[in-house]
Amino acid sequence: VQRASGPLHGNLTPAVSEPGTVFPGYLVAILSVLMVTLVVVVVAGNALVIMAFIVDKTLRTQSNYFFLNLAISDFLVGAFCIPVYIPYNLTGRWMLGKELCKVWLVMDYLLCSASVFNIVLISYDRFLSVTRAVSTVKYRAQRNMTRHAVLKMVAVWVLAFLLYGPAIMFWESVVGQSVVPSHECYTPDNLL
Numbered sequence: 001v002q003r004a005s006g007p008l009h010g011n012l013t014p015a016v017s018e019p020g021t022v023f024p025g026y027l028v029a030i031l032s033v034l035m036v037t038l039v040v041v042v043v044a045g046n047a048l049v050i051m052a053f054i055v056d057k058t059l060r061t062q063s064n065y066f067f068l069n070l071a072i073s074d075f076l077v078g079a080f081c082i083p084v085y086i087p088y089n090l091t092g093r094w095m096l097g098k099e100l101c102k103v104w105l106v107m108d109y110l111l112c113s114a115s116v117f118n119i120v121l122i123s124y125d126r127f128l129s130v131t132r133a134v135s136t137v138k139y140r141a142q143r144n145m146t147r148h149a150v151l152k153m154v155a156v157w158v159l160a161f162l163l164y165g166p167a168i169m170f171w172e173s174v175v176g177q178s179v180v181p182s183h184e185c186y187t188p189d190n191l192l
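First residue of the sequence shown? That's 1 in UniProt numbering, and the numbers climb one at a time after it.
Keep in mind that the hints were calculated from the coordinates and are not lab data. The beta carbon of each residue, even a glycine, is placed where N, CA and C say it ideally should be. Warning: the hint list may mix true and false statements.
What the hints assert, rightly or not - Now the in silico label distances, taken between C-beta atoms and shown as ranges:
1) Ala155 / Val41: 52 to 62 Å
2) Pro166 / Ser129: 33 to 43 Å
3) Gly176 / Thr37: 34 to 44 Å
Could you build the full structure based on these sequences and the hints that come with them?
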């Protein structure tokens, strides 16, 4: 029985009918089409947001920088995390080695956390624009400051990495051994 946990995949315990198989063949085909469609929609949608920001200079406000940051994190989830997870999800076996497993876990946690933090940052920015924009000229002037927006964007990525990255990268060194079988890829429950 496979057990996986993390922001992208939650706690899953699929019923394994035969060793190495999780779903019957027809269901694998249907799920593959649905998951690839999801990847295409996520990547294309977020690529359009990124391209709009690059092409149209009038979109370059502080608030839209935060939307750009969210689009980048979601684009990377769709371009890396989901495609790597598809075969693992469909077969119930991790076939890409321990090192790629760690890279995938770090990226999965990093990108999902960054996405959530970006949503919090956007919400906070919207809150400030509503509560302070009418009564304070200072917030309007601050909204156009690209430097402050970029610093907040970098802070989102640093905090998202520090939340799980070091634990995932060094947990085997601390424990002294790997507790995850070689054909699986997940973070142990007591790690995070």
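Hints, verified against the model:
1. Ala155 / Val41: 52 to 62 Å: 29 Å, violated
2. Pro166 / Ser129: 33 to 43 Å: Taking Cβ atoms as reference, Pro166 and Ser129 lie about 35 Å apart, which means the hint holds.
3. Gly176 / Thr37: 34 to 44 Å: 43 Å, holds
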